[in-house]
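There are 2 protein chains.
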Amino acid sequence: MGRDSYDEQLDRLTGILATMSREAGTAIRGASVALLDVDRHAAETVIADDAILARRRAEAEAMIPEVLVRHQPVASDLRLVVCALRIAGALDRMGDLAVHVAKVVLMRHPVGVVPQPAVPVLTEMADAAARIADKATMVLATRDPLDAMQLGLDDDEVDAAQERLLSMLVSGWSYGVESAIDLALVGRYYERYADQAVNVARQVVYLVTGTVRL
Amino acid sequence: MGRDSYDEQLDRLTGILATMSREAGTAIRGASVALLDVDRHAAETVIADDAILARRRAEAEAMIPEVLVRHQPVASDLRLVVCALRIAGALDRMGDLAVHVAKVVLMRHPVGVVPQPAVPVLTEMADAAARIADKATMVLATRDPLDAMQLGLDDDEVDAAQERLLSMLVSGWSYGVESAIDLALVGRYYERYADQAVNVARQVVYLVTGTVRL
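Protein chains in written order, with the working numbering: chain A, 1 to 214; chain B, 1 to 214.
Treat identical chains as interchangeable: a pair holds within one or across any two.
Straight line, CA to CA, 20 Å or less: simulated SDA-like cross-link-like pairs of lysine to any residue:
#1 K103 <-> V38
#2 K103 <-> S167
#3 K103 <-> A160
#4 K103 <-> D37
#5 K103 <-> V170
#6 K103 <-> A51
#7 K103 <-> L185
#8 K103 <-> E163
#9 K103 <-> D156
#10 K103 <-> R188
#11 K103 <-> E191
#12 K103 <-> R192
#13 K103 <-> R164
#14 K103 <-> R29
#15 K103 <-> D50
#16 K103 <-> R93
By construction, these hints were calculated from the structure, which means they are not laboratory data.
Starting from the given sequences, assemble the full structure and let the hints guide the process.
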């Protein structure tokens, strides 16, 4: 196998990761619509589509043998393999976290999970999570460490919003303990989602530079 | 490189995974002591020791190039690589989840996180999590799919206990919303810990049989 067809294989692998990243973004957007618009159909779509992400992860993993067996890999190729597997894992988990949000929505439907006072902070988390997913997709395309650093800002925003949400829940929350627990968990799912997106970016930086700077 | 030294390398790799598994068990045990005995020192130890797990994961990942480059790998070797990376990732996450429990303890210290009525259910979760960690360690040693199936029982126990905990929190919990949120999150950390242990076992089954049965 020549270097060209090897490069083609790598392109196909990174193509799968880019697709997964877009799908993970679609998943969190759908989960946010389900959550904030009390949209049962959106929640069900997120849950149904999650199998696609899992399948793509398996597809990416299945390519690794091809890439390695038909080519004497050098150190940077092997770094790519480790990074690609970690990235596929992080993107799969992002999809799982969107599913967790969607499941909370379905569990309470037709009652909404987000009472009015929590709408702004959850909207902020939802928007930041969608943005960070888009940036992860971009970083997978550009492999630019400067782009990768941008994700930290959105991640900080999600963390700060989660802190505000928790403060709200523990100081005179008038919608009951069940609601508070639901929202604390939902907030945590967004927080973890953002963390995993940062993890994707971190792996891309490692891939390109050999060191993790994020 | 002969087959012998290749096998030695694989033994070293699986040895690292077995060590990680024992350490992940130690971590959740320490976190449970911290939680149930309001033991600050135990919590701090869990957090400090987590770096060791992360380092071992990196060590396991760093072995993959050696294993692959100096040997023409066959399909089962590559399955091993993918499984080993997934197992190392799952064990690392188990350590992270123990750290999450320990951090809740530190955040509330010297106040305890677990009021008396929740002690039995949290004790049950803690015991089941410790047992499931031990079984994951055993499965890594025996690679016996029947052993691997045993983990499902403990996982079910943790899930059922988490359901009981949540029911308790939402029906007349008299320790406040903050306490309810702390406990809902702690319960979820145990639940995820058990899930990841099942994931370890599932990877071992896949490694041995080429199919996932769990």
